[in-house]
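Those sequence lines, one after another, are chains A and B. Residue numbering for the first sequence follows my numbering, beginning at 187 and increasing consecutively. Residue numbering for the second sequence follows my numbering, beginning at 529 and increasing consecutively.
Just to be clear, a hint being listed does not mean it is correct.
[As the list claims (entries may be wrong)] With a cut-off of at most 27 Å between alpha-carbon atoms, the simulated DSS-like pairs for lysine-lysine come out as follows:
hint : chain 1 : residue 1 : chain 2 : residue 2
1    : A       : Lys256    : B       : Lys552
2    : B       : Lys606    : A       : Lys298
3    : B       : Lys606    : A       : Lys290
[As the list claims (entries may be wrong)] Simulated DEER-style distance windows between Cβ atoms:
hint : chain 1 : residue 1 : chain 2 : residue 2 : range
4    : B       : Pro598    : A       : Phe198    : 30 to 38 Å
5    : B       : Gly556    : A       : Ala204    : 43 to 51 Å
6    : A       : Ala204    : B       : Asn580    : 38 to 46 Å
7    : B       : Ala530    : A       : Pro195    : 31 to 39 Å
8    : B       : Gly531    : A       : Gly271    : 28 to 36 Å
9    : A       : Glu247    : B       : Arg550    : 25 to 33 Å
10   : B       : Glu611    : A       : Ala204    : 27 to 35 Å
11   : A       : Gly283    : B       : Thr566    : 47 to 55 Å
[Unchecked claim] Calculated Cβ distances over 12 Å to all of chain B for the following chain A residues:
hint : residue
12   : Ser228
13   : Glu230
14   : Gln237
15   : Asp241
16   : Met275
Hints listed in this document are in silico derivations from the structure and should not be mistaken for laboratory results. These numbers were taken from a predicted model, which means no experiment stands behind them. Yeah, the Cβ is synthetic: ideal placement off N, Cα and C, and Gly gets one too.
So you can see what is in the structure, the chains are spelled out below.
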Amino acid sequence: AQKITQTQPGMFVQEKEAVTLDCTYDTSDPSYGLFWYKQPSSGEMIFLIYQGSYDQQNATEGRYSLNFQKARKSANLVISASQLGDSAMYFCAMREGLQGGSEKLVFGKGTKLTVNP
Amino acid sequence: DAGVIQSPRHEVTEMGQEVTLRCKPISGHNSLFWYRQTMMRGLELLIYFNNNVPIDDSGMPEDRFSAKMPNASFSTLKIQPSEPRDSAVYFCASSLEVGGGDEQFFGPGTRLTVL
């Protein structure tokens, strides 16, 4: 079974609107972390936001927020007030075994977001 | 501050040749990661080091691939002999591991084409 599933290969949003990118994960480990990265067409990987499995509140970083629903094993990324520069690939990733010290990240296949003017 | 530095940025080689990719992590970071990105398989972790010691190499495809980290500021990923299916973008990333949500900082990647 896939550890990280991103079901939306592509998404479109109008500039200034909000958009939600879906991510579901599969783990039996109680201690894990979820990450979102952005990859523009230039190719670099840019860290956006992190959510730990024991965090009580949803993570937020500027226009990015993470809708963390632990029971449903989902960690959706919400981008508010979309900008043209948000057009990129977005990857969800999971790190299991935080208490054991594992640093291995497993990535989903990604969602290509296009922001229309 | 300089980010993760990778060289070369682009490499074109012929099947059977040896390829060496290089990485300089961010100064002070204690963990280093090598990833491979392809359209078919997405982004995969090949190997990672902590304090210059290989911790998990379960993602290394086969014996043709090897990675070293002789010191805290340098790592190499070698493919010998190279094959066309090795064509991909190879990323190096580093982090300061203190436990939990330590983000990994990625380099710009090396685009490898094996003819």
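Taking the hints in turn, this is what the structure says about them:
no.: 1; hint: Lys256(A) / Lys552(B); verdict: violated, 37 Å
no.: 2; hint: Lys606(B) / Lys298(A); verdict: violated, 31 Å
no.: 3; hint: Lys606(B) / Lys290(A); verdict: holds, 21 Å
no.: 4; hint: Pro598(B) / Phe198(A): 30 to 38 Å; verdict: violated, 47 Å
no.: 5; hint: Gly556(B) / Ala204(A): 43 to 51 Å; verdict: violated, 37 Å
no.: 6; hint: Ala204(A) / Asn580(B): 38 to 46 Å; verdict: holds, 44 Å
no.: 7; hint: Ala530(B) / Pro195(A): 31 to 39 Å; verdict: holds, 35 Å
no.: 8; hint: Gly531(B) / Gly271(A): 28 to 36 Å; verdict: violated, 19 Å
no.: 9; hint: Glu247(A) / Arg550(B): 25 to 33 Å; verdict: holds, 32 Å
no.: 10; hint: Glu611(B) / Ala204(A): 27 to 35 Å; verdict: violated, 45 Å
no.: 11; hint: Gly283(A) / Thr566(B): 47 to 55 Å; verdict: violated, 26 Å
no.: 12; hint: Ser228; verdict: violated, 8 Å
no.: 13; hint: Glu230; verdict: violated, 6 Å
no.: 14; hint: Gln237; verdict: violated, 8 Å
no.: 15; hint: Asp241; verdict: violated, 9 Å
no.: 16; hint: Met275; verdict: violated, 10 Å
Consistency with the previously given hints fails for numbers 1, 2, 4, 5, 8, 10, 11, 12, 13, 14, 15 and 16, ordered from lowest to highest.
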